[in-house]
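Residue numbers (my numbering), protein chains in the order written: chain W, 71 to 428; chain B, 53 to 187.
Do not rely on the hints blindly, as some may be mistaken.
Here are the simulated DSSO-like pairs of lysine-lysine, each with C-alpha atoms no more than 27 Å apart in a straight line [claimed, not checked]: (1) W:Lys114 to W:Lys424; (2) B:Lys79 to B:Lys63; (3) W:Lys168 to B:Lys79; (4) W:Lys424 to W:Lys274; (5) B:Lys131 to B:Lys62; (6) W:Lys168 to B:Lys62.
No lab work stands behind these hints: they were computed from the structure. Model, not experiment: these values are computed from the prediction.
Listed here are the chains, written in short residue letters.
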Amino acid sequence: MTTENPSPTLLKPAHPVGFVGYGAYVPRYRLPAREVARIWTGGKGGLPIKEKAVPGMDEDVVTMSIEAARNALARAQIDPAEIRAVWVGSESHPYAVKPTSTIVAEAIGAVPNTQAADWEFACKAGTEAVVAAMGFVGSGMARYALAIGMDTAQGRPGDALEYTAGAGGAAYLLGPAEESLAVIEAAYSYVTDTPDFWRRAGAKYPEHGMRFTGEPAYFEHITQAARALMEAQGTTPSDYRYAVFHQPNTKFPQRVAKKLGFRPEQIEPGLLVPVIGNTYAGAALIGLTAVLDVAEPGDRILLVSFGSGAGSDAFDIRVTEALTERRDRAPKTQDYIARRTEIDYATYVRLRGKLVTK
Amino acid sequence: MEIPRHWRLKKQRYGLVGEVCPHCDAKIFPPRDVCPSCGSEAKTLYTFSGRGEVYSYTTVYQAPSGYDETAPYTVALVKLEEGPLVTAQLTDLGDQPVEIGMPVEMVTRRLRSDGDERGLLVYGYKFRPALRATR
Numbered sequence: 071m072t073t074e075n076p077s078p079t080l081l082k083p084a085h086p087v088g089f090v091g092y093g094a095y096v097p098r099y100r101l102p103a104r105e106v107a108r109i110w111t112g113g114k115g116g117l118p119i120k121e122k123a124v125p126g127m128d129e130d131v132v133t134m135s136i137e138a139a140r141n142a143l144a145r146a147q148i149d150p151a152e153i154r155a156v157w158v159g160s161e162s163h164p165y166a167v168k169p170t171s172t173i174v175a176e177a178i179g180a181v182p183n184t185q186a187a188d189w190e191f192a193c194k195a196g197t198e199a200v201v202a203a204m205g206f207v208g209s210g211m212a213r214y215a216l217a218i219g220m221d222t223a224q225g226r227p228g229d230a231l232e233y234t235a236g237a238g239g240a241a242y243l244l245g246p247a248e249e250s251l252a253v254i255e256a257a258y259s260y261v262t263d264t265p266d267f268w269r270r271a272g273a274k275y276p277e278h279g280m281r282f283t284g285e286p287a288y289f290e291h292i293t294q295a296a297r298a299l300m301e302a303q304g305t306t307p308s309d310y311r312y313a314v315f316h317q318p319n320t321k322f323p324q325r326v327a328k329k330l331g332f333r334p335e336q337i338e339p340g341l342l343v344p345v346i347g348n349t350y351a352g353a354a355l356i357g358l359t360a361v362l363d364v365a366e367p368g369d370r371i372l373l374v375s376f377g378s379g380a381g382s383d384a385f386d387i388r389v390t391e392a393l394t395e396r397r398d399r400a401p402k403t404q405d406y407i408a409r410r411t412e413i414d415y416a417t418y419v420r421l422r423g424k425l426v427t428k
Numbered sequence: 053m054e055i056p057r058h059w060r061l062k063k064q065r066y067g068l069v070g071e072v073c074p075h076c077d078a079k080i081f082p083p084r085d086v087c088p089s090c091g092s093e094a095k096t097l098y099t100f101s102g103r104g105e106v107y108s109y110t111t112v113y114q115a116p117s118g119y120d121e122t123a124p125y126t127v128a129l130v131k132l133e134e135g136p137l138v139t140a141q142l143t144d145l146g147d148q149p150v151e152i153g154m155p156v157e158m159v160t161r162r163l164r165s166d167g168d169e170r171g172l173l174v175y176g177y178k179f180r181p182a183l184r185a186t187r
């Protein structure tokens, strides 16, 4: 079966594709934002979130991606040897040179007949991998492709980003629409050169353009991408039961949802930043896993990521009957969020390797 | 540097891949190609479920080199549901006390860096308290 693409700018594969499995991961430790404020501002000033997830000392993007991928495979119940691409999007790959994706592919049993690559585009590296996987499966080149967005985000001690730079993400196994628990009706990507946030090669912590990260960056790209996708698809916000937007803090996704005409209850189940922080390449994708955990067949979901530098990927997703039987095969996003151990700033400093010991 | 050894052990370390005896069906970990129960050749690969329980445990305060940055940590003998007893670190304990008989599950984690911060990262199995969720 092949489909017509009604729009020259829409990304719509020749063969319909969807998610045959999905899996989330959030580490156990939580640093309350008030702890950061206690150290750096004497406890004064507003807090952008309640708390953020912090990885344990033995966790990184490799280990977190492996767990999310195993959850996606548990839901899909396919043979991992049928996977033809393992793609991991992140800005915290443990190696500068040596792929995260080969280790993940080896651990889940997808080697050796597979593509493997690491993707990089600030916070939208994960959805970049999803779009590429749509092409890989939708062209008929592959039956299954695994796309992961995962981060252990960096924040300079005392910087505004330290309150929110969290850890977590999600894995999506893409496959033919007829096997999917949610079908991707279409995608759309909107990209410009906008310098709102960056980290130079070799630098430990990122730099950001302060207020410049808002209007010309986050809001402009998400709004343009969402509007273009909905216009091409002939939909309005009321056609979607849920919407998930990239979430660097609590206010931005709430404001962009309102601006686009979405009601607070449409974004509520996928708004995880208040309790896990900004998971960067994982943020929009783990918002979607939380929505899939509660969605019903027939529900339509709008997903829009944002990555600094800058761009947005927007997806029009429709849930199928297969979701209800598959979602209980792996831990839900809220199960990970509920597994919570609060830590203080000193423990955070040790877990994140911010102490110089030699 | 022990690159060849890490490379050779990756399957069993990343995914808890052992062997099953084609003669008596005993599950074997770590893989040793000869069945410890019936003595026959056993080379069929078998991926363990990763579920088990704490058989015994101890906490390490004076860690061997390579592990000193993460001390103190807890090491356990884990009785896998398929039978074998495996020695591994426990992780993600938070403030949870460890108890004999506690249900645990395998996760793949960073074990250590081979050498200093320029060295190869070594990944392998550890066990954590089982998530309450269904699997």
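Against the structure, the hints come out as follows:
no.: 1; hint: W:Lys114 to W:Lys424; in the structure: holds (24 Å)
no.: 2; hint: B:Lys79 to B:Lys63; in the structure: holds (16 Å)
no.: 3; hint: W:Lys168 to B:Lys79; in the structure: violated (34 Å)
no.: 4; hint: W:Lys424 to W:Lys274; in the structure: holds (11 Å)
no.: 5; hint: B:Lys131 to B:Lys62; in the structure: holds (21 Å)
no.: 6; hint: W:Lys168 to B:Lys62; in the structure: holds (16 Å)
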